[in-house]
Structures are given as C-alpha cells and as structure tokens.
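Chains A and B are the protein sequences, given in the same order. Read left to right, the first sequence gives residues 10 to 419 (my numbering). Read left to right, the second sequence gives residues 143 to 379 (my numbering).
Some clues are possibly wrong.
Claimed, not checked - If the Cβ cut is set under 8 Å, some of the chain B residues that face chain A in the computed set are:
#	residue
1	Y155
2	I194
3	P196
4	L203
5	A207
6	A208
7	I209
8	H215
9	R219
10	P226
11	R230
12	F232
13	D250
14	Y260
15	L264
16	I324
By construction, these hints were calculated from the structure, which means they are not laboratory data. Keep in mind it's a predicted model, so treat the numbers as computed, not measured. Quick reminder that beta carbons are idealized off the backbone N, C-alpha and C, glycines included.
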Amino acid sequence: MKALAELKKSLGIALWFMALTFPVMVIRVNTIERVVEWRWRNMAFIGIGSFLLSFAWRLLLARKERGRGKTDTGDGTIPAVRRRLLAAPGIRQPALAALALSAAAFPFLFSSYQTNIMTTALMYVMLGLGLNIVVGLAGLLDLGYVAFYAVGAYSYALLNHHFGLGFWAALPVGALLSVLFALALGFPILRLRGDYLAIVTLGFCEITRLVLENWNEFSFGPSGIANISRPGLFGLRLTLHEATIYFYFIVLGLCLATLFVVRRLQHSRVGRAWVALREDEIACEAMGIDKARAKLTAYTLGAAWAGMVGVLFAAKTTFINPASFTFLESAMILSIVVLGGMGSIMGIVVGAFLLILTPEYLRAFSSYRMLLFGTVMVLMMVFRPQGIVANVRQVYRYRKQPESEGCAGG
Amino acid sequence: MPLLELDNVATFYGSIQALKGISLSIAAGEIITLIGANGAGKSTTLMTICGIAPPRAGRILFRGAAIEAAEPHEIVRRGISQVPEGRRIFPHLTVTENLAMGAFLRKDSTEIARDREYLFSLFPILKERRHQPGGTLSGGEQQMLAISRALMARPALLLLDEPSLGLAPLVSRLIFRIIRQINEERRTTILLVEQNANLALRIAHRGYVLENGRITLEGNCAELLGNEEVKRAYLGM
Ligand SMILES: Nc1ncnc2c1ncn2[C@@H]1O[C@H](COP(=O)(O)OP(=O)(O)OP(=O)(O)O)[C@@H](O)[C@H]1O
Ligand SMILES: [Mg+2]
C-alpha cells in the first residue's frame, strides 16, 4: 500500500520533529522558582502539526510527479490557455485598458498611505526589471545589486544637500554615476563565473554599505542625510497629499518606460547575445559574440536602473541612511526576480507586487514575515521552479520567411 | 599564400604547457586533419586558433594577417568558425534559433535564410526538428546542428572538433560525407580534429599527427595511411 507507506513516513517525521524540538518547546526551566515546567501540550501540537504538514507535502509532491508525466509542455512552449489569452486582441486590449485606468485612478480612490505603498511596489518592479537584465537575461548572478541602488540614492542626497541639485537633474546623474561605478567594477569581476561572481558582488555590496556607514565626512555615517527635496512641479507648492500623488505618477511613468525598454532589449541583438551567454559561454564566443561586452552591457544597464530607483527612493523618503542598503535588500530584489520567473517581465511585475504588498497588508503577521518568506521560497522552488509566470521565450525568426515555414510553433 | 599558418605556437593552461611549438599550414580549399591520442592537444590547437585559449608564444596568420592576439569574436568576424568539442549547442533554443545564433554577426537576412535552407537540404532531419529545443535532439542530430550553426557564419575556415564523437558508425559516415560535400560545394576550408583516424584520413587531403603537444608526422593522407607508426597507433592495425 502506497498510502500506508506515506503515512508511516509522515509519522516518522512527526516523531523526529517532536524529539528535535523537545528541549526548546517542552522543557522550560523557571530560574526564579527553580522548577522545571513540562509543557507536554506543545509536544502534541508539534507532533500533529508536523504529521499533517508532512503528509500534505507528500501528497502534493506525488501529484506533481504524476502531473509531470502527463502534461509535459516542453521547454519554452506556452500553456494553451495563456497563449490564447495573450494572442486574442479581444481580451488583451480591454484588459490592458482596464489595468491602465485602475493604475491612473488608484491615487484618487485610495488614501496617501495606500498610494505610498503602491509607489514602493512600483519601485520594486523597476528594481526587479533592472536586476532581471543581469540575472534573468544575461545569467550573471549578482548579489550586490543594492550597491548601485545606494549609489543612486546617495548621489541625489549628497548633490541635493551640497549643491541643491533638483530631482529631475539628479535622475540621470544618479543613473550615470551608477553606470560608471558598474563599469569600474565590472571590468575586473565579470571574468568570474557563477558562484565566484555571486560572492564577489556580495562582498562589494557589503563594502559599499560599510563605507557609507563609516566615512562620516562623506556620507554622514549611520545618521544618514535628511531633508532631501521632493520632486518639484514647475515651482508649485504641493500639499503632502498632492506630492504623494505626483510622485506616484512619476514612478508609474518611469515604470512603464522601464517595461517598454526592457521588452525592446529582450528582443534586440544584445538581448540575443545575452541568451547565448546564459546558455553556454564557450558556444557564445564561438558565435562571434563579444562575451566581455555582452556581460558589461547587462551589468551596467542593470546598474543604471538601480541608480535611477535609488534617486527615486531618496526623493520619496527624503531621508536615507546606510541601513536601507543591506544585503537583505539585494536578497529581496533577487527573490522578486526568481519568484516571479527569471527573464519573464510579467512574472517580475507579479513577483514585486506579491513580495512588497503582501507584507504590507499582513502587518498582523509581521513577526512571522521571514518565516513565511522562507516557506514560500522553498515551496516555490519545489513546485514551481520556473517562477510564477514562466518566461515565454521569444522565438527568433528570420525577417524573410520562406513560404514553407508558415507560423507554426511560435 | 596559405589560408592559415601556425608558426611555432605554444599554449599554456596556467603552468601546464599544452602546445609545445606547433607549426602547420592550410591552403584555401583543403581539408586537413589533425589526429592524435587523448590529451595530445588537438582541442587546444583549435581553441588557440579561434582565440579562446590564446597562445603565449608563436604566430598565427590568417590570410596573411596576425590573429594570435585577436579576441575570439574578432576572429569569427574574420572568417573562422569552430564546432567545439562536445557540440555545445544552446539547449533551450530551438533548432532555428540555434542556427540564427550562428549567423549572429551577419545582417543579410535573405542570404541567411538561403544558407539555412541549404543546410536543411544537407540535414533534412534538422528541418523536421526545427521547432524543437536543441537539448532534446539526439547526439547525431546535435552534431549536425552544431556543424550547421557554425556554417551559418559563412566561414572561410571551419574548425571541427571530433564530429564523430559518440556517434554510431553509420551517422559518422554520413557526417563525414557531408563535410566533404560542404568542402566541395562551398569551397570551405576545413580543419578536422579526429580520434577516428581511419575515417578522417579518408576524406582529408593532408594530415598532421600530434603527440604531447608536438607535431610528429605530417603528409598527405595516402602517405599517412601507409605509415607503419600511424597504422599501429591510430588505425589499430
Ligand atoms: N582548461 C584546461 N585547463 C588545464 N589543462 C587543460 C585544459 N584543457 C586542456 N588541458 C590539458 O591540455 C592538454 C591537451 O588537452 P586537449 O583538450 O587539447 O587534448 P585533446 O587532444 O583534444 O584530447 P581529446 O582527444 O581527449 O579531446 C591535456 O593534457 C589537458 O589535460
Ligand atoms: Mg579534444
């Protein structure tokens, strides 16, 4: 009996967990009254809980295995439903219009608080899309993405503080400085592969944060920089509520621009070079692709977006300090990319909204945030490793197609 | 003037010297084969020519111009394509996409489409499989795809690294026949690295024998096939 064996295994796991958590969950030594409490009830809870969870886990896994046998859609093919949805203009256009309308109406229907949250989510969409260029498209595992975010934020904060530079001027400057930073860094480190690159970028991210934290004369150390100007609107004086709405629209606009650019990039020549790079480095070189340049382009373009969002971040919060640029932030952005579906634009949008909005609206569970986060990640990797929205790869075609080719597949 | 000329080329991997002064020359239109035991340095020779493992000493002239210091992509642009050892096709890209990658440096889309049709006519199985991801092809099909992909760059010189590796004898023979056909129809010069000396020496014009990073023998194929040492070491006779 298969089910019986599964039950037995789950029982074993429950027992194991009970033993494992025994010292922490059952025994409590009360040092004041010098007695030992035995909380046997906890043990029962853990036993039952881990038994049920483990059994559910096994069931799901078994179903997944069975499902794989039947409906293997193969690499790169789109499930039929989604393909039809994407293709039909009758559905696609109204859906897009409705989406655009609700995005435009959002700040007028909801409070400043909600608008702010939504702005943050949109900023993470941009960060996710930027990192996606590096990780999802070019296949370079960058764990230090937040360093460029910090460069952008500090460029605006410092330039504003010392020279009164405005937001709109700082936006390209922040992006440019990040790009320069990425160039300087990229030359030496992009020779590294895979895990080495990951470790070096991680180190770089920590170094950046430590420098910001300790170089007081330059960055004002841990106390950070306050009173950064918000973006102005032709010298009008805006109330806080109006400013929030205005900022929402700035971010929305930039986000749309990002979507557009990333889409174009994906299907461009350099986008194809990235695909080759990701798939096989030696073959990529044998195709006559300049590997070093393809890597550097991906790295610097990603950095440009981080820098830009950094400026946005500084303008939104009007206060920054190094604590906002820890490795955890890099991990968060990377999670958006991985969870959403590497290389998939839709996936990253969905991923960013899920990861940013869910914790905001589940404040009640905030102490379990990391636990939930970890659980979701593990579940995703087991049951949907391709991400929420799997990447629908563009099929490259020759511009002139012989008639025999038709448009099958796709 | 030879199409490609190697003059006393030495290549190192760190402190290990893989090529200990190799000299060879290939005239336009020739098929040259390079045979040798495992670890003799055959793959390294190809990697050195196409710039992925640049030499520490010696000269490489392609059409009379020095290329030993050029970047790999620059060398491809000059007209040298490689089918690397182990094929290395892009596993998640379809057959058509793999071919398109081969033409990465070209912009003449009508000619690209024509070349693709030509290759489909050489390997009809690829046409049947054109929407299938490369990673799902059989070993022989992958080899055909790798050769086709390299030819999509319209190289003057094609470097082939063990095209018969892991293939059934019948498939290897088919591939060798087509290599010959490409050489005759397209005037593509070919440098063929092979373990299967018997097959290689039958389609090539001339051959070199590589041992421990040095060339120990060279000559036209009839001579090599008749050479006692070659017979013993590489033909198993
Ligand atoms: N990346 C590398 N790093 C260090 N040493 C290497 C590397 N690649 C090859 N070598 C060494 O260089 C020598 C020549 O290797 P090469 O791959 O050129 O041999 P080969 O003639 O192609 O052999 P085979 O027939 O097995 O493919 C070998 O001793 C090998 O161990
Ligand atoms: Mg080899």
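Here is what the structure says about each hint:
For Y155/B, the interface hint is violated, since its Cβ never comes within 8 Å of a Cβ in chain A; the closest pair sits about 15 Å apart. At its closest, the beta carbon of I194/B sits 6 Å from a beta carbon of chain A; the interface hint therefore holds under the 8 Å criterion. A least Cβ separation of about 12 Å between P196/B and chain A goes past the 8 Å threshold, and the interface hint is therefore violated. The restraint placing L203/B at the interface with chain A is violated, with a minimum CB-CB distance near 20 Å, outside the 8 Å limit.
Taken as an interface hint, A207/B does not check out: its beta carbon lies about 17 Å from the nearest beta carbon of chain A, beyond 8 Å. The beta carbon of A208/B comes no nearer than 19 Å to any beta carbon in chain A, farther than 8 Å, and the hint placing it at the interface is violated. Nearest Cβ of chain A to the Cβ of I209/B: about 13 Å, over the 8 Å cut. The hint is violated. The closest approach between the C-beta of H215/B and any C-beta of chain A is roughly 4 Å, which is under the 8 Å cut-off, so the hint is satisfied.
For the restraint placing R219/B at the interface with chain A, the shortest Cβ-Cβ distance is roughly 6 Å, inside the 8 Å limit, so the hint holds. At its closest, the beta carbon of P226/B sits 6 Å from a beta carbon of chain A; the interface hint therefore holds under the 8 Å criterion. For R230/B, the interface hint holds, since its Cβ comes within 8 Å of a Cβ in chain A; the closest pair sits about 4 Å apart. Here the hint on F232/B is kept, as its CB sits about 4 Å from the closest CB of chain A, short of 8 Å.
For D250/B, the shortest C-beta to C-beta distance to chain A is roughly 10 Å, which exceeds 8 Å, and the interface hint is violated. Below 8 Å, beta-carbon pairs count as interface contacts, and Y260/B has none with chain A, the closest being about 12 Å; its hint is therefore violated. Checking L264/B against chain A by beta carbon gives a least distance of about 16 Å; that is not within 8 Å, so the hint is violated. The criterion of a C-beta within 8 Å of any C-beta in chain A is not met by I324/B, whose closest approach is roughly 17 Å, and the hint is violated.
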